[in-house]
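Residue numbers (my numbering), protein chains in the order written: chain A, 1 to 217; chain B, 1 to 173.
Don't read these hints as lab results, they were simulated from the structure. One or more hints might be untrue.
Unchecked claim - Okay, the calculated bits of chain A under chain B, using three or more residues with CB under 8 Å as the criterion: (1) 98 to 111; (2) 178 to 188.
To be verified - Capping the alpha-carbon separation at 25 Å, the derived lysine to aspartate or glutamate pairs in DMTMM-like fashion look like this: (3) B:Lys32 with B:Asp48; (4) B:Lys32 with B:Asp49; (5) A:Lys20 with B:Asp19; (6) A:Lys20 with B:Glu137; (7) B:Lys32 with A:Asp18; (8) A:Lys20 with B:Asp66; (9) B:Lys32 with B:Glu5; (10) B:Lys32 with A:Asp9; (11) B:Lys164 with B:Asp49; (12) B:Lys164 with A:Asp93; (13) B:Lys32 with B:Asp85; (14) B:Lys156 with B:Asp49; (15) B:Lys156 with B:Glu168; (16) A:Lys20 with B:Glu143; (17) B:Lys156 with B:Glu143; (18) B:Lys165 with B:Glu53; (19) B:Lys164 with B:Asp48; (20) B:Lys32 with A:Asp13; (21) B:Lys32 with A:Asp10; (22) A:Lys20 with B:Glu5; (23) B:Lys165 with A:Asp93; (24) B:Lys165 with B:Glu137; (25) B:Lys32 with B:Asp19; (26) B:Lys165 with B:Glu152; (27) B:Lys164 with B:Glu53; (28) B:Lys165 with B:Asp49; (29) A:Lys20 with A:Asp9.
Said to hold, decoys possible - Sample of chain A residues with no beta-carbon within 10 Å of chain B, all distances over it, derived: (30) Val56; (31) Pro62; (32) Met65; (33) Ala140; (34) Ser198.
Note that the Cβ used here is the ideal one computed from N, Cα and C, for glycine as well.
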Amino acid sequence: MTMKDASIDDLIDGLATDLKPVRPRRVMQGSLWVVAGWLGVGAVLVALFGARADLVAGAMPPLSMLAFWLTAAAGIAAAWSALRMGLPGVGRDYGGWRWAVGALLALPLAALAVSFGDGHAHTEAAQRSFDIHCLLQGIASGLGVGAALFLWLRAGAPTSPTRAGWVIGIAAGAAGASIIALLCSSDDLVHITLWHASAVPVSAVAGRVLLTRFLRW
Amino acid sequence: MSIDEPSLARLMAASQRGDRAAYQALLGDSRKWLTRYFARRIAPHHIDDLVQETLVSMHRKLATWDSGRAFLPWLAAIARYRWIDMLRRQRDEAELGDNDAAVGAEDEAVHAKLSIDHLLTLLPPGQAQAITLVKIEGASIAEASQISGQSESLVKVNIHRGLKKLAELIESE
Numbered sequence: 001m002t003m004k005d006a007s008i009d010d011l012i013d014g015l016a017t018d019l020k021p022v023r024p025r026r027v028m029q030g031s032l033w034v035v036a037g038w039l040g041v042g043a044v045l046v047a048l049f050g051a052r053a054d055l056v057a058g059a060m061p062p063l064s065m066l067a068f069w070l071t072a073a074a075g076i077a078a079a080w081s082a083l084r085m086g087l088p089g090v091g092r093d094y095g096g097w098r099w100a101v102g103a104l105l106a107l108p109l110a111a112l113a114v115s116f117g118d119g120h121a122h123t124e125a126a127q128r129s130f131d132i133h134c135l136l137q138g139i140a141s142g143l144g145v146g147a148a149l150f151l152w153l154r155a156g157a158p159t160s161p162t163r164a165g166w167v168i169g170i171a172a173g174a175a176g177a178s179i180i181a182l183l184c185s186s187d188d189l190v191h192i193t194l195w196h197a198s199a200v201p202v203s204a205v206a207g208r209v210l211l212t213r214f215l216r217w
Numbered sequence: 001m002s003i004d005e006p007s008l009a010r011l012m013a014a015s016q017r018g019d020r021a022a023y024q025a026l027l028g029d030s031r032k033w034l035t036r037y038f039a040r041r042i043a044p045h046h047i048d049d050l051v052q053e054t055l056v057s058m059h060r061k062l063a064t065w066d067s068g069r070a071f072l073p074w075l076a077a078i079a080r081y082r083w084i085d086m087l088r089r090q091r092d093e094a095e096l097g098d099n100d101a102a103v104g105a106e107d108e109a110v111h112a113k114l115s116i117d118h119l120l121t122l123l124p125p126g127q128a129q130a131i132t133l134v135k136i137e138g139a140s141i142a143e144a145s146q147i148s149g150q151s152e153s154l155v156k157v158n159i160h161r162g163l164k165k166l167a168e169l170i171e172s173e
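Let the sequences and hints guide you as you build the complete structure.
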């Protein structure tokens with residue numbers, strides 16, 4: 001028996017002695033954290049700032065409603081992928097978020113088409129409602145979902161911390177954008193794209209830059 | 001004792017409940033499986049270190065195995081993560097030129113998912129050849145240079161770049 005063999009034997013003995021019962025982690029349990037982070041922050045913001053007037057009146061414009069559902073779907077898909085990343089397994093697919101995020105590209109593409117096709121009217125409208133406040137609020141609104149996913153993955157075993165950082169950011173940004181759609185009354189496509197949906201790429205970069213190092217294990 | 005998926009899954013489920021005897025048996029079987037898993041992926045003198053690191057990671061992340069899923073893909077994911085980590089450290093330390101013989105390994109379905117042969121086909125030929133000669137077959141830099149016709153510094157550069165790309169490829173799998 002070599003020294004290495006003996007040291008692995010000792011290690012195995014030590015780990016076995018150290019064993020404590022563990023409660024297996026379930027994706028559903030993490031999902032509850034995410035739902036709590038999403039609804040909790042959303043409820044607080046609606047209570048603080050009030051929901052948009054047309055939503056209160058029960059007549060949210062179709063464009064705003066579409067943007068809400070697009071960002072919410074992207075947030076759900078990204079959050080689900082991030083949750084699954086916490087339970088590793090070769091051959092598991094964590095890429096579901098790509099499709100929903102790809103669908104989000106409809107917003108900037110449509111905004112570009114509208115800007116070029118309709119003269120300056122929409123661009124001017126967006127400039128009038130230049131509102132970095134919406135963007136900051138959107139990013140802050142995603143912090144509940146971001147924190148829930150970060151804590152879940154810190155305790156889990158993400159095998160690609162870089163990708164996990166990106167996806168946490170995307171989920172948080174999309175969740176935040178969906179909350180802002182319920183607060184900001186603008187129904188302008190350029191404004192929605194620039195000041196609501198851009199929370200997604202901004203949060204994604206923040207997730208990649210700030211979180212990746214803490215997700216290594 | 002043969003290492004089969006249902007037995008391992010049973011041992012793992014018992015381990016999660018705190019059964020030390022089952023856990024000791026599981027760690028022993030995992031050690032054998034990991035030794036074979038790493039044999040074709042890294043120079044022989046690193047295998048034992050990597051097996052130990054993987055066993056410790058497995059211990060720390062015991063709760064992340066879902067009893068509704070197979071055990072070996074879970075173990076392989078942890079092993080792969082530790083392997084990438086070691087590749088990164090090797091790249092960072094520019095630790096080049098080892099002289100060890102390669103060890104054969106049996107192929108298994110879960111191994112094939114991330115076969116090093118497959119990954120090497122995704123690298124430029126010069127990088128793949130340098131890594132194969134030095135990191136897998138255990139040739140020295142000078143020998144690799146002679147066999148491949150690359151200068152010694154090019155062999156080192158190709159290994160450095162190749163390992164970096166390999167780590168990125170493995171993460172994206």
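Evaluated hints:
Under a criterion of three residues with beta carbons nearer than 8 Å to beta carbons of chain B, the stated coverage of the stretch 98 to 111 of chain A fails, only 0 such residues being counted. With a threshold of 8 Å between beta carbons, the proposed coverage of the stretch 178 to 188 of chain A by chain B is violated, since 0 of its residues qualify and at least three are required. Straight-line distance between C-alpha atoms of lysine 32 (chain B) and aspartate 48 (chain B) comes to about 11 Å, which keeps the hinted pair within the 25 Å bound. Among the hinted pairs, lysine 32 (chain B) with aspartate 49 (chain B) is consistent with the structure: their alpha-carbon atoms are about 14 Å apart, no more than 25 Å.
For the given pair, lysine 20 (chain A) sits about 9 Å from aspartate 19 (chain B) by alpha-carbon distance, which is consistent with the 25 Å threshold. The suggested pairing of lysine 20 (chain A) with glutamate 137 (chain B) is violated, with an alpha-carbon distance near 41 Å, which exceeds 25 Å. Using a Cα cut-off of 25 Å, the hinted pair lysine 32 (chain B) and aspartate 18 (chain A) holds, with the two alpha carbons roughly 21 Å apart. As the CA atoms of lysine 20 (chain A) and aspartate 66 (chain B) are separated by approximately 17 Å, the hinted pair is consistent with the 25 Å bound.
Our distance criterion of 25 Å between C-alpha atoms is met by lysine 32 (chain B) and glutamate 5 (chain B), whose separation comes to about 14 Å. Restraint check: the Cα-Cα separation between lysine 32 (chain B) and aspartate 9 (chain A) comes to about 12 Å, which is no more than 25 Å; the hinted pair holds. Between lysine 164 (chain B) and aspartate 49 (chain B), the direct Cα distance comes to roughly 21 Å. Compliance with the 25 Å bound is thereby established for this hinted pair. Taking the CA atoms of lysine 164 (chain B) and aspartate 93 (chain A), the gap is about 23 Å. The hint holds against a cut of 25 Å.
A C-alpha spacing of about 21 Å is found between lysine 32 (chain B) and aspartate 85 (chain B), which places the hinted pair at or below 25 Å, so the restraint holds. For the hint pairing lysine 156 (chain B) with aspartate 49 (chain B), the CA-to-CA distance comes to about 24 Å; that is within 25 Å, so the pair holds. Of the pairs offered as hints, the one joining lysine 156 (chain B) and glutamate 168 (chain B) holds, with about 19 Å between alpha carbons and a cut-off of 25 Å not exceeded. A C-alpha spacing of about 50 Å is found between lysine 20 (chain A) and glutamate 143 (chain B), which places the hinted pair above 25 Å, so the restraint is violated.
The hinted pair formed by lysine 156 (chain B) and glutamate 143 (chain B) meets the criterion: a straight-line CA distance of about 12 Å does not exceed 25 Å. Using a Cα cut-off of 25 Å, the hinted pair lysine 165 (chain B) and glutamate 53 (chain B) holds, with the two alpha carbons roughly 23 Å apart. In summary, the hint linking lysine 164 (chain B) to aspartate 48 (chain B) is supported, as the alpha carbons are separated by about 23 Å, within the 25 Å threshold. Simply put, lysine 32 (chain B) and aspartate 13 (chain A) have alpha-carbon atoms about 15 Å apart, close enough for the 25 Å limit, and the pair holds.
Among the hinted pairs, lysine 32 (chain B) with aspartate 10 (chain A) is consistent with the structure: their alpha-carbon atoms are about 15 Å apart, no more than 25 Å. Only pairs whose Cα atoms come within 25 Å are accepted, and lysine 20 (chain A) paired with glutamate 5 (chain B) is accepted, the gap being roughly 23 Å. The suggested pairing of lysine 165 (chain B) with aspartate 93 (chain A) holds, with an alpha-carbon distance near 21 Å, which does not exceed 25 Å. About 19 Å separates the Cα atoms of lysine 165 (chain B) and glutamate 137 (chain B), which keeps this hinted pair within 25 Å; it holds.
Simply put, lysine 32 (chain B) and aspartate 19 (chain B) have alpha-carbon atoms about 20 Å apart, close enough for the 25 Å limit, and the pair holds. Only pairs whose Cα atoms come within 25 Å are accepted, and lysine 165 (chain B) paired with glutamate 152 (chain B) is accepted, the gap being roughly 20 Å. For the given pair, lysine 164 (chain B) sits about 21 Å from glutamate 53 (chain B) by alpha-carbon distance, which is consistent with the 25 Å threshold. Of the pairs offered as hints, the one joining lysine 165 (chain B) and aspartate 49 (chain B) holds, with about 23 Å between alpha carbons and a cut-off of 25 Å not exceeded.
Of the supplied pair hints, the one linking lysine 20 (chain A) and aspartate 9 (chain A) holds, its CA atoms being roughly 19 Å apart against a limit of 25 Å. Remark: the non-interface label on valine 56 (chain A) is consistent with the geometry, its nearest Cβ contact in chain B lying 43 Å away (cut-off 10 Å). At roughly 39 Å from the closest C-beta of chain B, the C-beta of proline 62 (chain A) stays outside 10 Å, upholding its exclusion from the interface. At roughly 36 Å from the closest C-beta of chain B, the C-beta of methionine 65 (chain A) stays outside 10 Å, upholding its exclusion from the interface.
Alanine 140 (chain A), annotated as away from the interface, keeps every beta carbon of chain B farther than 10 Å; the closest lies near 30 Å. In this structure serine 198 (chain A) is separated from chain B by more than 10 Å, as the shortest Cβ-Cβ distance comes to about 26 Å.
Consistency with the previously given hints fails for numbers 1, 2, 6, 16, ordered from lowest to highest.
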